[in-house]
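Trainee: Quick mapping for you: the protein sequence lines, in order, are chains A and B. All letters in the first sequence, in the order written, are residues 1 to 293 by my numbering. All letters in the second sequence, in the order written, are residues 294 to 602 by my numbering.
Be aware that one or more of the hints could be misleading.
[To be verified] Taking beta-carbon pairs under 10 Å as the criterion, some of the chain B residues facing chain A (in silico): (1) 404; (2) 536; (3) 594.
[Stated by the list, open to error] Each pair of labels, with its calculated beta carbon distance range: (4) 399(B) - 54(A): 24 to 32 Å; (5) 339(B) - 142(A): 49 to 57 Å; (6) 359(B) - 64(A): 37 to 45 Å; (7) 443(B) - 256(A): 36 to 44 Å; (8) 344(B) - 99(A): 55 to 63 Å; (9) 462(B) - 257(A): 16 to 24 Å.
Calculated from the structure, these hints are not laboratory results. The model shown is predicted, which means the values in this text are computed figures rather than measured ones. Don't be surprised by glycine CBs; every beta carbon is placed ideally from N, CA and C.
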Amino acid sequence: MPPSFAGRWTPFWLSLPMLLIVALFFYIPVYLSFWWSFTLERPFGGGSEFVGFQNYARVLSDPIFWDAAWRTLVFMVFGSTLAIIVPLILALAADRMVPLSHTARNVLIWPKGIAGASIGVVFAFIFNPFVGIMAPLNGLFPGLWNPGSDGTDAFIMLLIAHVWNGIPFNFVILLAGLQAVPRSLTQAAAIDGASPWRRIRDVQLPMIAPQLFLTFVLEFTESVVSAFALIDTMTQGGPGGATRLLVYKIYQDGFKGYDLSGAATQSAILMVFVLCLAAFQFLYLEKKVRYER
Amino acid sequence: MSGDIVEDTRGIDRTASIVLALGLLFILGPLVFTLITASQSYDSFVRSGISPVPGTHLIENIRRLFTTTAIPAQVVNSFIVALMVAAFKCALAFVTAFGLVFFRVHYAGIVFAVLMGTVLLPLDLRVVTTYQVVSNVAMPVNGLLNATGINAMIAAFFGAPVDLQLNLLDSYPGIVLPALATGTGVFMMRQFFRTLPGDLVKAAQMDGAGWFRFMIDIALPLARTNLTALFILMFLGGWTMYLWPLLASSTPAMQTAVVGLARLSPQGDGQVPDYPLIMAGAVVVSILPLLMIAFLQRFIVRGLTLTEK
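If we strip away everything but chain A, and leave its shape as in the complex, we get (with noise of 0.2 Å):
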C-alpha cells in the first residue's frame, strides 16, 4: 500500500470545483438533451409540455434526417480512414531518419494550431472555382471543379481539410508508437530478408496497434463533431444538402430554426450512436489488438 495522507473530505473537497462545472456543464445538459427530446419545448422560454415519442417520430420519419445521418456516416469512415492512414505513411517514412524528418516532425505539427474554422476559411478560397487553384483547369474543362454546386467536390474538399486538420495528433502518436518499436525487430526481419513492405506489414503495424486503436476510436468522435467548423466555413451544408452533416443540421434546427426539441432529439440521438460506437470499439476492437511487447 503505497503511503497517503489522511483526511476523509479532503479530496472531496479538492475535487468538488471540478465537480460543480461538471455537473454544471456536462451532466445537466447531456440529462436536458434526452429530457427535451420527450417534450415539446418552445423557444424563448415559452413553456413545455411531455410528448412522449412524439419528438422522435418526427424526426425519423423525415428524409433530411436520414440524409444526414448517412452523410454523417459515409464522413466518418472516409474521414477517419483518411485521416489515419495519411498520418501512418508520413509517420512510416519520418521513422526512416532520412534528413527532412527533422523538418517533418516539426512542420506537421503546426495545424494543431490553426483553428477548423481558419483552415476552412482557407480551403473555401484555394478550391474557389473562379479564383482559386483549380480556376485554369476550370477554364480548359469547364463545369470540372465547382464544390458551389456540385456536392461531390463539395465532400472531397471537406475530406481534404478534415485530413489536414487531423494530421498532428494522429502523426505524434503513431510515429511515437513507432520509434518504440525496437530496431532489433525490424533488424531482425530485414536479416531474414523481409522487404521493406512485410516489415510494415508484419513487424511494425502489429507493435504499433494500440496507437492504431486510440487514433481510431478518437478519430470517430472527432470526424462526427470536428466537421461542424469546415462546413460552416466552407460550404454551410450545401450545395444541396450534400456536405450537411448531422451536426450541422442540429445547429440550423436549434439556432436558425428553433427547433429546440427537434435538435435536442437529433442531439440525444447522435450521443447514444457516439456512445455505442464507444462501447463496440472498446468491447470487441480492443480484444482484437496485441497489446504484448
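Position chain B relative to chain A; hints supplied.
Mentor: Same frame as chain A, but now just chain B:
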C-alpha cells in the same frame, strides 16, 4: 536506419524522403497561398486570382484589417479566453488529481469515473442544451427548488416562487466554463502523479509536512513540465474552438478571433470577395498559435503523447 549492413537502404530512404516532401507540401501549401494572397492588393487579385508570386501589400492589408474589422479586438478576446481555459484547466486538473491520488478514500474511484464520463461526449454534441444552461446558470437551483416542493412553499408564503436568473451568454465566463467541463486534464495529471514514488509522501510526512505543504513544495515543482505541456495544449484548444464561442457570443465585440474570421467570409453577393483582406485576417488570427507550436514543439509532443496513456 534499420540494417544498413543487411540491405541497400538508399531506395527506401528515397521513397521516405519523397513521401515526407509531399506531406510538407500538403501542410505548407495552404499556408503559403494564404500568406501570398494576404500580400496582394485587391485590384491585382481581382485581375489574376490566386498567384504564386507574393505582392507588396501585406502591411497595407493588415492595416485595413485593423481599421475596418473587429479582428484586433477579437484577437484580444481569443487571448483572454485561451488563457482562462488553459489556466483554469491546469489548476483544476492539478488540484483534483492530487486529491484523487494522494489520499486513500473509498469514493475516489466514483469521482474519477464521473469526471472521465465527460470525454465520451464532446461539447459540440451538447451545445443545444448547454446554451440553455449558460443562458441561466441558476436554472438547476430553480429546478431543485421546484422539484423538492420548497418553491411551492415559498410561493405560498411570499406570493411568488424563487426564480433566479444569471445569464452568462456574451461573457468570458460563459465562453470559458463549458470548455472546462472535460476530464482529460485530470486524467493526464493523475497518470503523472501515479508515477511518483510513494517514498516521496513518506519522506514529507517524516519531515512533518502536511498535504498542503507537500502539494505546493513537492508535487507542484515536479509537475511543472507536465503542467506546461497541458497548459500549451489547452491554450491552443481554447484559441481554436469554434462552435461554442460562435453560439455563446452574439455581439462582434465578444466574439473570438476565429469566429470573427469566419464572419469575414463572403456571403455570396456576386462580387469577387476581398480575399486579400480575409487571408490577412487568417494570418493575424493564426500567427500566435503557430509561433507557439514552432517554438514550444517538445511540450506539444509531450502533451499529445501524454493524453494517449
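Trainee: Are the hints correct? Go through all of them and say.
Mentor: Structure-based check of all given hints:
The restraint placing residue 404(B) at the interface with chain A holds, with a minimum CB-CB distance near 5 Å, inside the 10 Å limit. Taken as an interface hint, residue 536(B) checks out: its beta carbon lies about 5 Å from the nearest beta carbon of chain A, inside 10 Å. Annotation: residue 594(B) was flagged as interfacial toward chain A, and the flag holds, the nearest CB pair being 6 Å apart, inside 10 Å. Under the hint 24 to 32 Å, the C-beta atoms of residue 399(B) and residue 54(A), about 44 Å apart, miss the expected range.
The given range of 49 to 57 Å is broken by residue 339(B) and residue 142(A), whose C-beta atoms sit roughly 21 Å from each other. About 42 Å separates the C-beta atoms of residue 359(B) and residue 64(A), a value consistent with the hinted range of 37 to 45 Å. For residue 443(B) and residue 256(A), the hinted distance range of 36 to 44 Å is satisfied, since their beta carbons lie about 38 Å from each other. Checked against the hint of 55 to 63 Å, the pair residue 344(B) and residue 99(A) fails, with Cβ atoms roughly 31 Å apart.
For the pair residue 462(B) and residue 257(A), the beta carbons lie near 19 Å from each other, so the given range of 16 to 24 Å is met.
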